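**Student:** Each chain, written out:
2 protein chains.
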Amino acid sequence: MQLKIKEIFNQDYVKLEGQKIQIKAWVRSNRDSKKIGFLVLNDGSSLTNLQAVYRVDKIDNYEEIAAARMWAAVVIEGVIKLTPTAKQPLELEVLNAQILKQSDEDFLLSNNDLNLETLRLNAHLRPRTNLFHAIMKVRATLAFAVHEFMNQNEYSWLAAPLFTGNDAEGAGETFSIQKFDNEEFFGKQTHLSVTGQLQAEAYAQAFGNVYTFGPTFRAEKSHTNRHLAEFWMIEPEMAFVDLKGMQDIVEDLVKHVIKAVLEKNQQELEFLAQRNDENLIKKLQKVVESKFERIEYKDAVKILADAVKNGHQFENNEIFFGMDLGSEHERYMCETYHQGPVFLQNYPKDIKAFYMKLNDDQQTVASTDLLIPGVGELVGGSQREDSYEKLLKRCQELKMPIESLQWYLDLRRFGYYMSSGFGIGFERLVMYVTGVNNIKDTIPFPRSHGQIEF
Amino acid sequence: MQLKIKEIFNQDYVKLEGQKIQIKAWVRSNRDSKKIGFLVLNDGSSLTNLQAVYRVDKIDNYEEIAAARMWAAVVIEGVIKLTPTAKQPLELEVLNAQILKQSDEDFLLSNNDLNLETLRLNAHLRPRTNLFHAIMKVRATLAFAVHEFMNQNEYSWLAAPLFTGNDAEGAGETFSIQKFDNEEFFGKQTHLSVTGQLQAEAYAQAFGNVYTFGPTFRAEKSHTNRHLAEFWMIEPEMAFVDLKGMQDIVEDLVKHVIKAVLEKNQQELEFLAQRNDENLIKKLQKVVESKFERIEYKDAVKILADAVKNGHQFENNEIFFGMDLGSEHERYMCETYHQGPVFLQNYPKDIKAFYMKLNDDQQTVASTDLLIPGVGELVGGSQREDSYEKLLKRCQELKMPIESLQWYLDLRRFGYYMSSGFGIGFERLVMYVTGVNNIKDTIPFPRSHGQIEF
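From first to last, the protein sequence lines stand for chains A and B.
Quick note: the first sequence uses my numbering, first residue 1, plus one each step.
Quick note: the second sequence uses my numbering, first residue 1, plus one each step.
These are computed hints drawn from the structure, not numbers from a lab.
Since the structure is predicted, the reported quantities are computational estimates derived from the model, not experimental observations.
Hints should not be assumed to be uniformly reliable.
Given that identical chains are not distinguished, each listed pair holds provided it fits within a single copy or across any two copies.
When the alpha-carbon atoms are kept at most 25 Å apart in a straight line, the in silico DSS-like pairs for lysine-lysine are as follows [as the list claims (entries may be wrong)]: (1) 393 x 101; (2) 283 x 259; (3) 399 x 188; (4) 101 x 20; (5) 393 x 352; (6) 286 x 264; (7) 221 x 179; (8) 101 x 390; (9) 244 x 4; (10) 259 x 286; (11) 244 x 101; (12) 259 x 244; (13) 101 x 58; (14) 15 x 81; (15) 390 x 298; (16) 20 x 87.
Just chain A, with the same shape it has in the complex:
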């Protein structure tokens, strides 16, 4: 019976006592005296290792197995033996062992205390460390949980285009495509998309509920621990849903994906808690159980001004209606004022994107950011401007190229009653759920200014 390590530990393993099994795995460590040796094995299915005990009087090739180095690939046949008094509840008594492929002696990451920067420089090998095993397994759980939530709620996944001829999507610097054979491949200057929202709106007006889950690109030169040039976004868009209804969906989605990790990745979370943040699991459980607070932007400004009055020091203490809140202000709102997730809502129009619905006060737009302790902004969303005339006016005010947005404006001419949507930076979500501090450690092969290895 060939088993994966996860299959062994995920069942009532008492029943496995005395069973003969086969396992293919990599050696994590190997120590031997002259008569008995211990292989610690991992096959990638689990953070848990399986210990295999080999004895000189049981196998013919004791010397060969004793020479298996870290990350050698091996195939082991053995009998499961319960070890109730040991740290591990069971081990494998080796009957037969073969080295499938020896490993070179200079494996770079054999030292467990390597710093994150060194691991980043070895992004092809870092998934073999416990830390990156844990992070990337949680990441995979989050990704599937997003698709699962969307599928359960009848959202169709949408592939938004990545090449765009439109430089006016309203979010930062874009990458451009070089000419090909001395001509523009697409017939005009082409950028890499920074959002799939505009196209998602077109599909929401036909399907009701859609979502994108794909890469986006931003040519930001910042070298902070919160920016990547290439990252993944989830952008749901719902027709017939207003700002408040959209916030409910954000809350349900965030809770669903965190619950999935709490259920599936207990072991990884325990490891990450130990390594990154001892309160990690409690923090996640609290999010799942809490009701997300909703606070008007204008009230947040008062709260922050009061905090300054009462002696709280921000780096930027100049608080006024119309300001773009800094990360420090956002974190104050969700970490100090309210200790948990907070939606701020109805921001001044001048600090938000052109497509957001103008409120009756003519000053603010129907927008919301979800602020999360330790991260700040995790989700940004809005109800979209549904009036052709108002949207056109706003585009003109901002001197945007109307022609390339005409199709987007035209959506408003054909029954565009209401649409709301939001964007989640997927790597921000991974940061939050894993407690990792640097966004470059949340994606397998990070791309940022000056960094393109692998």
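Following the hints, complete the assembly by docking chain B onto the known chain A.
**Tutor:** Here is chain B on its own, set in the frame of chain A:
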């Protein structure tokens, strides 16, 4: 009770008789005499429309509702009435109706007989047609079914990087990124990736089973109905799996996703069968039930040569060992010789990529293509070269830049016993399952040479 149309028809709707419900939807058509009118409504949840009957003696705003144009957004309250003798099993007797947003008169796609080219020029509106509703819903089912299969089988989803400094991934022309502020943003010339396979191998050596599902880019100027500049690929990679084991996984995956569509999208398939290919459903059922054939490349060459000898005319009748099979030859193999999916395997090394495992005959590599009736190649895969020396030699023979591939070569130094993987062009899969002839009609906003609208 607010319901979606899909919820109405997906339940035992006899129970709904006499129930009062509310629905928000768009008008697909509206006709009235002076006393009675009929709204055909769709809310995007289903291909099925709901007919709502409004009467001048039941509602105050009969004239207003009678003026609702195609794609006007409306909210209707009414009572479900079963209509066993009509084509539709039920209708809505309107108690209250409001136009939420009128639609302009010049809706472009009001004619049902528009050709596909016109629809492509209106890619923002085409999801409102029955045809694109059906195609894109099937597409969404396929995408989720891929994630579902992978999750059930313990594969971790991997975000392969899209920016690459490596121009040697072995597949066609690439797009390059323009300099930014007069310098290379990433410090060296940067391309858009054509595959995530190399990075997937790194993760397979840590996790066992991984898969990518993301966009890839190819600067192909061809204007055929089978090429896009931007398309989506699924690339699973499995450690400890050989060519034959990999073919089993391909077969299971293809059957799983087709089964999902047969179960979830019966209505869409019936529509597509009527429109595209009357044998569509039978064809899909046959794939699910059949055992995929496996034929050696060298035997295929003999079969094709025999066909020519027996009078079959290919455009290219020159059949020899070492040739790259054309689409016509591939289709002969899966449509005429064997009427169903066929794996060809063990191709000559010179027509395949550098990373494929050299077979003992020194002539062929452990590669396979899955050929599907009506499409040709749907899947390409291989067992990877696991020997550092052989892989290095092959890179040198092909004059590839070793330096930027050193990390990939190095994987072989640390327990790289075995790895196999494959790639599925997602849009090819959608073509096959929907019976659509042009790949531009399988993706919401197609990008190809000269085409970048929306």
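**Student:** Hint by hint, which ones does the structure fall short of?
**Tutor:** none
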